[in-house]
Amino acid sequence: MSILTEYRKDLATLKNLTAFILADHNFEKWDEDLVEEAINDAVLDLAIRAQMIKDEIAIHIEEDRYIYDVKGWITAANNAVSGTNKEFGFLNRVGLSGVVEPSLMPSSYATINFSQQKINNGQGLYANRFYIDLLSPGKLQVIPPDADGEALPDEAGNIQVLYVGLPDYMDNTTDFPDSMVAPQFHDSIAIGAAAILLYEGNEGDVQRAIGLDNEFTRLIAMAVASEYDGETNYRGARPA
Amino acid sequence: MTYEKNLRQLVNLTLRLVNDYRGDYKNGKSFTVAEVITAVNDAILELVISTGVLKNVSLIIPTEDVQVYTLPADCLRPIQLKFNGLEGTLLLPKQVSQYDYERDPISDVGDPVTFYRDKGLAYNQIGFVPIPGEDGSQAATASAGLLRRVSDGTDNLTYDANRALRRVTGAPIEYGGSGRIVRGLASNEGNIQVHYVRNPALMAKAKDYPDTDLPTWIHKDIKFGAGRRLLRGSRVKIHAIKGVVCTNKWQMLKFRLMELTQETGPLTAGRPA
Chain A
1 MSILTEYRKD LATLKNLTAF ILADHNFEKW DEDLVEEAIN DAVLDLAIRA QMIKDEIAIH
61 IEEDRYIYDV KGWITAANNA VSGTNKEFGF LNRVGLSGVV EPSLMPSSYA TINFSQQKIN
121 NGQGLYANRF YIDLLSPGKL QVIPPDADGE ALPDEAGNIQ VLYVGLPDYM DNTTDFPDSM
181 VAPQFHDSIA IGAAAILLYE GNEGDVQRAI GLDNEFTRLI AMAVASEYDG ETNYRGARPA
Chain B
1001 MTYEKNLRQL VNLTLRLVND YRGDYKNGKS FTVAEVITAV NDAILELVIS TGVLKNVSLI
1061 IPTEDVQVYT LPADCLRPIQ LKFNGLEGTL LLPKQVSQYD YERDPISDVG DPVTFYRDKG
1121 LAYNQIGFVP IPGEDGSQAA TASAGLLRRV SDGTDNLTYD ANRALRRVTG APIEYGGSGR
1181 IVRGLASNEG NIQVHYVRNP ALMAKAKDYP DTDLPTWIHK DIKFGAGRRL LRGSRVKIHA
1241 IKGVVCTNKW QMLKFRLMEL TQETGPLTAG RPA
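Same order as they appear, the protein sequences are chains A and B.
Counting from 1, position 91 in the first sequence corresponds to residue 91 in this note's numbering; the numbering is continuous, with no gaps.
Counting from 1, position 82 in the second sequence corresponds to residue 1082 in this note's numbering; the numbering is continuous, with no gaps.
Don't read these hints as lab results, they were simulated from the structure.
Only true hints are included.
Cβ-Cβ distance ranges computed for the label pairs, FRET-style:
#, chain 1, residue 1, chain 2, residue 2, range
1, A, 173, B, 1122, 56 to 62 Å
2, B, 1022, A, 12, 28 to 34 Å
3, A, 101, B, 1206, 47 to 53 Å
4, A, 179, B, 1119, 56 to 62 Å
From the three backbone atoms N, C-alpha and C, an ideal C-beta is built for every residue, glycine too.
Required output: the full structure, derived from the provided sequences and hints.
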């Protein structure tokens, strides 16, 4: 019986597949470096749009400190899931005191302002609610607690940020796409890469690029659908 | 390697897209490197104006009896203003015509409650009503505020601490080396805290990267915004086709950037990618 990982495709295979779609078998119109870059960019597109890669880090909460730069906390030592440190893509969940506790509720400044509350209402023993609407990407704000969280790696009183991360970059021809990119979608990467490159070409190339780009988008939608989790109420939270 | 793309890479990618690549970071036949650099920077600025993703916070220090102030130099548009800082009072936006309809003079003096942007003000100005009745605090060593700088005695900034300073009068602040902490603190008290959308950092050198607060995953698509700007001045048929493609891809990027950077997870279900 075959297993799924047998369908994996390394960078060398993906380059050949892309060259085949480009009808540029000897890398004459697009050299190998360009094709490798396009393949990596296609993996990035697939991973971000389908939200395939998630990672989690712990952030030490400090008394009276509102703003935390998530990106600055991404180190292997702070990683609670895999020990990796995936580059930050965007936020997904903010937990409190470990995975056994409910997450912090997302909120907005408009909510506070319209209700004429003070930002520090609700300040207590633990960090409370989080906001990102007044901050640049990668930063978050909490209503800070009255006391520091325990020293990391203790989770008590600290927050755990789950985020959508970027895939590991493939540098060598023997590298495979990031292990969190499902093998059944590896062949679609060549389609996305070919579309990226064909946009640089002539009129016929651009027409082909548009067709391949549409196909790539359909495959990304399929990747999202593959996370179908039955008749739960959370389907609305998944992107199309 | 990473997914980051510096100005040299962005220029090359853009020139390839518009069929004018003549070598690494070299002028094309139709477009010079300088023109492409301008297009790349302007595209990123447009992206930020459209999506409002880059934000900053600063203080406006009121002066007694002065109504109009200059916004921070990197401000594209204010988002929220508060008197006495984040934990203070929200200033509400108001048009001067509203004061007029309400037969309400804008010359009252006191703590600011509202702000306006019209009535002949420049793009970077803002007016407050009531007019501040006293100066804001310029410095306070015993209140919460922002650590302005840590100097090593040679004016080198050894610690960029753009974070709230805690425990100024409480537990000691940890610092190392031979530096000293300059205790000139801009206090929130009596001042107006402004959160705003800021402009992105301009790229000029080949090794410059897009603003560090912009997500890396958008770098690969910046060429569409730049290409769109270059192609709209061309009468060549392929350029017209590519112009449409670039515009569509660029719009999708804006939509995706705006949605995903405001993503807060399953508890706010319904945000698409």
